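**Q** Protein sequence lines, in the order shown, are assigned to chains A and B. Using the working numbering, read the first sequence as starting at 1 and increasing by one per residue. Using the working numbering, read the second sequence as starting at 1001 and increasing by one per residue.
These are computed hints drawn from the structure, not numbers from a lab. Heads up, a few of these hints could be off.
Unchecked claim - Only pairs whose alpha carbons sit at most 30 Å apart, straight line, appear in this in silico DSSO-like list of lysine-lysine: (1) A/Lys478 with B/Lys1047; (2) A/Lys316 with B/Lys1047; (3) A/Lys183 with B/Lys1102; (4) B/Lys1106 with B/Lys1072.
Just so it is clear, the structure is predicted and the values come from calculations on it, not from any experiment.
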Amino acid sequence: MAKGIMYIDGQRVPFDGEKNVLAVIRKAGIDMPTFCYYSELSVFGACRMCVVEDEKGKIDASCSMEPRDGMKIRTNTARLLKHRRMILELMLASHCRDCTTCEKSGECHLQELALRFGVRKVRFADTRPQYELDDSTHAIVRDPNKCILCGDCIRVCEEMQGMGILNFAHRGSDLQVTPAFNKKLSETSCVNCGQCAAACPTGAITVYNEIGRAWRALHNPNTRVVVQIAPAVRVAVGEAFGLEPGTNTLDKLVSTLKIMGADEVYDTTFGADLTVMEEAAEFLDRLKKGGPFPMFTSCCPAWIKYLEKENPKYLKNISSCKSPMQMFGAVLKDLYQKKDAEDGRTTFHIAIMPCTAKKVEAGRPEFRHDDVPDVDLVLTTQEVINMIKESGILFAEIEGESPDLPFGMGTGAAAIFGASGGVAEAVARRVVEDKSKNTLQAIQFSGVRGDDAIRAVSLPVGEHMVHIAVVHGLVNAKKLIADIEAGLEYYDLVEVMTCKTGCVGGAGQPHGLTPVKKQRAAGLYEADRAALIKRSERNPLVQEMLETTLKGRTHELLHVSYTGEKK
Amino acid sequence: MDERLKRVAEIAEEHHCAGANLIAIMQEIQSEFKYLSEQDLTLVAEKLGISTAKVYSVATFYENFSLEPKGKHIIKVCAGTACHVRKSGPIYDAIHDYLELKGKSKTSADGLFTLETVACLGACGLAPVMTIDGEVHAKMTPESAVELLKEIRAKESAE
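Chain A with its partners taken away, still in its complex shape (with noise of 0.2 Å):
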């Protein structure tokens, strides 16, 4: 890697290591405009937002620069402003330009570069056929008229999941992003993880939105709105009101619900000590009868279709288990009908979640009784943050209350559930025989928690020794089961989670990139630390639970088959 120092715009600038001359500037204290840089992913070039200016005047994007010792070059020269303000009006000419409306409105990136550069007149009249917008997947919508063609969202779904969904097609004024032979999301292999609309700096990709529902339901008095809140989501909704990333704000979003009129709200940590109890009790099974290994965790609902739709003979590998919400719907829907019968309400549950894949699971039909979903509605973490918006109230200083009994109380094991690795370290303390202090830390440090994208610990279980991987990001669960099929590497149990870092990675969070997940992630941990009980067989609502009101019945209420579907 590159050493020593450059001159922008004057100023003597030490570079070491950095990947681009961008990247330079960025930390040089100048906040250079891009659209199709994307830290995380390939350098592509195509906005040419970033251009720099070198002393013999010649012009070139910063992005896809070396930096070199004693380069000099200008940032904000007339010619380059002029540049961007151009760039910037022939992309709104093409544009659809009703941001009032527009489901990205404040969170645009396009609009605040507009704002940022003074873009107050387009000259040019838009010639654009108009696209039908895609909502099939009831996860993403794609709206191709708002489309930059920066192709973000296509080097996310290759680079980061290895998919390949989106692409570039045809050429010139007729150029598009589009799944193959123009189809729509939900006729490809699409697994609905969103993080196509998680890098798209315009509307042209966003979260299919459902806060109408929501709103309805609350101001329903017929309907008793139950609410349950994933791990992930409590270390991300501060970020929108000023809070630490990280910071654990699951009490004060229990009190906004509360306020926003939820009847009853809970944690699904209770659901994810469920998923440990049968997830780990499945894997000794298999364990005792020789397999079928490697034995996939169930909780990611972008992972089984991706197994459904790609790899479907891995079907039989994938746990049983429902995944903690919709355990969690199971038995909360189980238990009220009698409550429902009662006082003639009806039970609206909603999950709020980190993900849009979760909008997709809820409305599966192995999880629905009667035509009535087990989770009505899923909310992302990114919609709860509006709606607190619109009901004004002022989520950083308002006061905490805990999540209501029974179904509000998890364990450190059911925290972590939101960061990568951390499903498998919550089973690995179930099926570990000695249960002292000493091997909960040595599973802790034995490399199941850190950033690589698989990482493969060891542990005795009785007479076995257990070989477990942890691996996030679709594209690098790709690569292991080639490994796998290479017959390079052994696994008896993989956790897979489909974002990078975990769910509190997931697309239905505020926007971060990867240093902003990792605090989210270290947040959990600290909800782990400070937990009493840190093992889900200590969870006593849960243990009452599995041996009165679900005995006999958890085949029934907890597990599920996936039988896949045809491409």
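Given the coordinates of chain A, assemble chain B onto it according to the supplied hints.
**A** Quick look at chain B alone, frame taken from chain A:
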């Protein structure tokens, strides 16, 4: 797998299923089957281990790849400089209207004709020229071009 897809798989294998040979593979498929079907491209993507969207991206980038079946007769109107200045444009438009082509479609609804342009046929002295199934027709006008097509259509419906 039907015969066509078997052959498509063979073509991909003859090119070692290498991503770098994608264009050559698609050219060969098109020269054998006149166009690239969705099934062809999906299979090519699978064989080459790249995404279908990527293959679609390359196939739609080049004007010469056709993703829809071509008509029985292929009309090429020259759009080269000499033909252009001698008004080949109105000839193209007249044929376009006669065939009732809509949107980006280049093939008539009855599947009889496909209308394309060609950059230069090297017969500038005869401008404006068009070819039907490779046969050159010189010094055309919009009227004479449509007349030619009417004749072919009449012959086809007589058969």
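**Q** Each hint: holds or not?
**A** Hint by hint, here is what the structure shows:
| no. | hint | verdict |
| --- | --- | --- |
| 1 | A/Lys478 with B/Lys1047 | holds (17 Å) |
| 2 | A/Lys316 with B/Lys1047 | holds (26 Å) |
| 3 | A/Lys183 with B/Lys1102 | holds (20 Å) |
| 4 | B/Lys1106 with B/Lys1072 | holds (12 Å) |
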